[in-house]
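Novice: Protein chains in written order, with full-length UniProt numbering: chain E, 1 to 115; chain R, 1 to 130.
Since the hints were made in silico from the structure, they are not lab data. Ideal Cβ positions, reconstructed from N, Cα and C, are used throughout, including at glycine. Where hints are given, some of them may not hold.
[As the list claims (entries may be wrong)] Cβ-to-Cβ under 10 Å is the rule here; a few derived chain E residues that face chain R:
| id | residue |
| --- | --- |
| 1 | 17 |
| 2 | 21 |
| 3 | 23 |
| 4 | 63 |
| 5 | 104 |
| 6 | 105 |
| 7 | 108 |
| 8 | 110 |
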Amino acid sequence: MKNTLIHLNSSPYSSLSCKEGLDLALVLATFEQAVDLCLSGAALSILGTNQSPEVEQGKNLHKLLEGLEFYDIENIFIQESHLNSNTEHTWQGTQALNETEWNQMFSNYQQVFRF
Amino acid sequence: MQYTLLITGSPYQSKACHTALRFMQAALKRYPDCIKGVFFYEDAVLIGNKLNQPPRDEIHLTKAWQNIAKKYDISLYLCIAAAVRRGIISEDESRRYELNQHSLAEQFQLEGLGTLVELMNTTNKIIQFR
Chain E
1 MKNTLIHLNS
11 SPYSSLSCKE
21 GLDLALVLAT
31 FEQAVDLCLS
41 GAALSILGTN
51 QSPEVEQGKN
61 LHKLLEGLEF
71 YDIENIFIQE
81 SHLNSNTEHT
91 WQGTQALNET
101 EWNQMFSNYQ
111 QVFRF
Chain R
1 MQYTLLITGS
11 PYQSKACHTA
21 LRFMQAALKR
31 YPDCIKGVFF
41 YEDAVLIGNK
51 LNQPPRDEIH
61 LTKAWQNIAK
71 KYDISLYLCI
81 AAAVRRGIIS
91 EDESRRYELN
101 QHSLAEQFQL
111 EGLGTLVELM
121 NTTNKIIQFR
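For reference, chain E alone in the conformation it holds in the complex (with noise of 0.2 Å):
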């Protein structure tokens, strides 16, 4: 079995690329295939708490987020430098890393995809 990472690092709201990733990431999980995540960029704004997307805007992927751990997905990583400090509207289930923790991390898998 290999370790993975999946980056998410595109806007949830613009392009289908971040749901994709995330359906990688359960249907690794699924296959009980060890997968984390790492957030930067425009995909952070899936952990704003406070957000209620129409039809044609897509899907509310942060929805997801809450049911990670029913598929052992534990590990969402996020750098300390993006840390949102409206910690009311935003999503607590992330660990910050420093710049070489996240430098690092990506060394520390198999295989890394980025969505």
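With chain E's structure known, arrange chain R on it following the hints.
Specialist: Below, chain R alone, put in the same frame as chain E:
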């Protein structure tokens, strides 16, 4: 060493499908058994549309992929969920969705992401083109 290729970039918005094809050609020329399979995901599944007609003075990318797959007997998989949502429909799926048409090009097949997981676990490396 055997590779799996994961291609996620659109054939129209990126050069992912072109670059992967060039990689395949170079790799297979040297090591004819080095590619176990190719999995197309996200907008890359558009490569499997048999109806696309590029201008005659441009590369017909779908045909180029069909030719290399045939020559080296390599499976070309399209993620079924990504393909069906984009109108790449096999004969089987057209019956399931009660449609009169199908659009999946020959040499390509629709498979679930489970097939990608299997490829990951049975090849040494997976290379993403995006």
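Novice: Now tell me, hint by hint, if it's right for this structure.
Specialist: Evaluated hints:
no. : hint : verdict
1   : 17   : holds, 6 Å
2   : 21   : holds, 9 Å
3   : 23   : holds, 7 Å
4   : 63   : violated, 19 Å
5   : 104  : violated, 21 Å
6   : 105  : violated, 17 Å
7   : 108  : violated, 17 Å
8   : 110  : holds, 9 Å
Going through the hint list in order, the structure does not satisfy hints 4, 5, 6, 7.
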